[in-house]
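K.L.:
Chains as they are written, first to last, in this note's numbering: chain A, 1 to 391; chain B, 1001 to 1107.
A few of these clues could be false.
Said to hold, decoys possible - List time: in silico SDA-like cross-link candidates among lysine to any residue, alpha-carbon distance up to 20 Å: (1) 50/A <-> 1060/B; (2) 99/A <-> 172/A; (3) 265/A <-> 1032/B; (4) 1060/B <-> 1031/B; (5) 99/A <-> 1076/B; (6) 99/A <-> 1081/B; (7) 297/A <-> 86/A; (8) 90/A <-> 1021/B; (9) 265/A <-> 1033/B; (10) 69/A <-> 172/A; (11) 99/A <-> 1083/B; (12) 90/A <-> 1065/B; (13) 50/A <-> 1044/B; (14) 99/A <-> 1103/B; (15) 90/A <-> 1042/B; (16) 69/A <-> 86/A; (17) 90/A <-> 1069/B; (18) 327/A <-> 1037/B; (19) 50/A <-> 1031/B; (20) 1090/B <-> 1019/B.
Keep in mind the hints are simulated off the structure, nothing from the lab.
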Amino acid sequence: MALAPMDESITLDQLTTDPYPIYRRLRAESPVTRVAAARRTFLTKAHLTKAVKDDPVLFSSDDPNTPMKPAFRAHTLMRKDGAEHMAERKAIMPALSPKRIQSDWGPLYERLADEYISRLPRGETVDLFQELCGPLAARILAHILGIPEATDEQMQRWSQRLIDGAGNFGWKPEPFAASEEANDEMDALFDSLQDKRRAEADGSAFSVMLNAENPIPMSQVYANIKIAIGGGINEPRDALATALFGLLDNPDQLAEVRAQDAWGKAFEEAIRWVAPIQASSRLVTEDTELGGCDIPKGDTVMTIQASACRDEDLFENGEEFFVFRDKNPHQAFGNGPHHCAGAHVARRTVGKIILPMLFDRFPDMRMTDRDAVVWRGFGFRGPINMPVVLN
Amino acid sequence: MVKVTYVAHDGESTTIDAEEGASVMKTAVSNDVDGIVGECGGSMMCATCHCYVDEAWADKVGTRSDDEDDMLEGATSEVTERSRLSCQIKLTPELDGLVVHLPEDQI
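Could you put together the complete structure from these sequences and hints?
P.N.:
Here it is, written out as structure tokens:
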């Protein structure tokens, strides 16, 4: 067998602006391709991305040299495998379970959503991305994590800096300087809240981890909260913005979603159509083979779940937003041991609370100009503005 | 081959000739049985393959592990003493004819 073909034409700029035509071509012509600009082997078919993520031994998340380490001031569970990963993940899971979210936290989320939606102005153009999607995602997350003392602005700024640092593969000093500053602020806040969260158990992630029977080390408690900040704002924010675009751009589907109360389905379709997390990396631990190509040990493969989510083998007209698919086996939350820990939270907050409340409050909401909506991102993707008039 | 029957929440039942050694979750997913999602692929990280083992099979299937117990906390539908994560039930010849009931919701 031979190594996967090398593509030197694809640029990171193209992938950031609009990767979908590229992925469509790769799925048809060359589902395993070494993309020179990204220095990664791209996997664009659903069976390949799933196979890789379901096999953490052959395709490891462990990367001791990741820029995530300096960016988060810790080696986090995202870049660990096996028992170590499991122990840290289990420590935070009780705070993210559906029961906790539905029964204990549901009323709080509804109140927060109501508060943020109520302050939106009627009858004028408003950018929902700026005014609602980001801040509300930040506020809800701050409560889940047990750090409601952090402001929306802080949460969003920290999140962005952690992400920028984690993706700093060029090891430039500026992104790390920015993440250092964010880490100083976060560490100081966590330090100041620790005693309170320990004394007053409240079911938040911080409190749950501190009060566990066998708590994980404090460094990893902090690391877990930072991972949730880095990975828990952009995704619900982008999922919400994408769902709004899909529904407002397809009024017939919106009417049907309303009639059937199918907001959960609309949410699932939004994240299938444009997965908020588009790609993930895995390190190859042994020489192997994928899709008829040799994959050498030490190679880094990239599972492009954005592409898997539009794979013709699984989805008819996958390039289109269509809520009422018979089946929707998307991989937007990934799969395998690193399957998104926030999946339940996102489904309940965005799908069950925010979307229906927003359309109930503003039944005649409309997008001012669909072509003015700008989409961006290769690793993370979504609209970066969402101008609407609320009525 | 091992026969396994899935009884959906609405009562509809589907019987599959499963490969020996496969899990109840994998068998459902690869045969398009509705009602089992199995989003994490069987690594006990998501609780979307929740099932209730039929009373007649409870002893043969056995009990759940501590880790499985923890993860079931995350299941969407009611968890009972019959609840299992179907990814943790391997289909051995002793389980030929197994019947599992599916919850109303997995996500």
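K.L.:
Next pair to validate is residue 297/A with residue 86/A; report whether the Cα-Cα distance is within 20 Å.
P.N.:
Judged against 20 Å, a Cα distance of about 25 Å means the pair is violated.
K.L.:
Within a Cα-Cα threshold of 20 Å, do residue 50/A and residue 1044/B meet the stated pairing?
P.N.:
16 Å, holds
K.L.:
Under the criterion that the straight-line Cα-Cα distance not exceed 20 Å, is the pair residue 1060/B, residue 1031/B satisfied?
P.N.:
24 Å, violated
K.L.:
Next pair to validate is residue 69/A with residue 86/A; report whether the Cα-Cα distance is within 20 Å.
P.N.:
19 Å, holds
K.L.:
Going straight from one Cα to the other, do residue 90/A and residue 1042/B come out at no more than 20 Å?
P.N.:
This hinted pair holds, its Cα atoms lying about 16 Å apart.
K.L.:
Is the straight-line distance between the alpha-carbon of residue 99/A and that of residue 172/A 20 Å or less?
P.N.:
Violated, at about 43 Å.
K.L.:
Run the distance test for residue 50/A versus residue 1060/B: straight-line Cα separation, threshold 20 Å.
P.N.:
Status violated; Cα separation ~32 Å.
K.L.:
Would the pair residue 265/A and residue 1033/B pass a check requiring their Cα atoms to be no farther apart than 20 Å?
P.N.:
19 Å, holds
K.L.:
If you draw a straight line from the CA of residue 1090/B to the CA of residue 1019/B, is it 20 Å or shorter?
P.N.:
10 Å, holds
K.L.:
Given the proposed pairing of residue 99/A with residue 1076/B, does the C-alpha separation stay at or below 20 Å?
P.N.:
7 Å, holds
K.L.:
Measure nothing beyond the straight line between the CA atoms of residue 50/A and residue 1031/B; if it is 20 Å or shorter, mark the hint as holding.
P.N.:
17 Å, holds
K.L.:
Does the structure keep residue 90/A and residue 1065/B at a Cα separation of 20 Å or less?
P.N.:
Roughly 14 Å between the alpha carbons, so the hint for residue 90/A and residue 1065/B holds.
When the structure is compared with the earlier hints, violations turn up for hints 1, 2, 4, 7, 8 and for no others.
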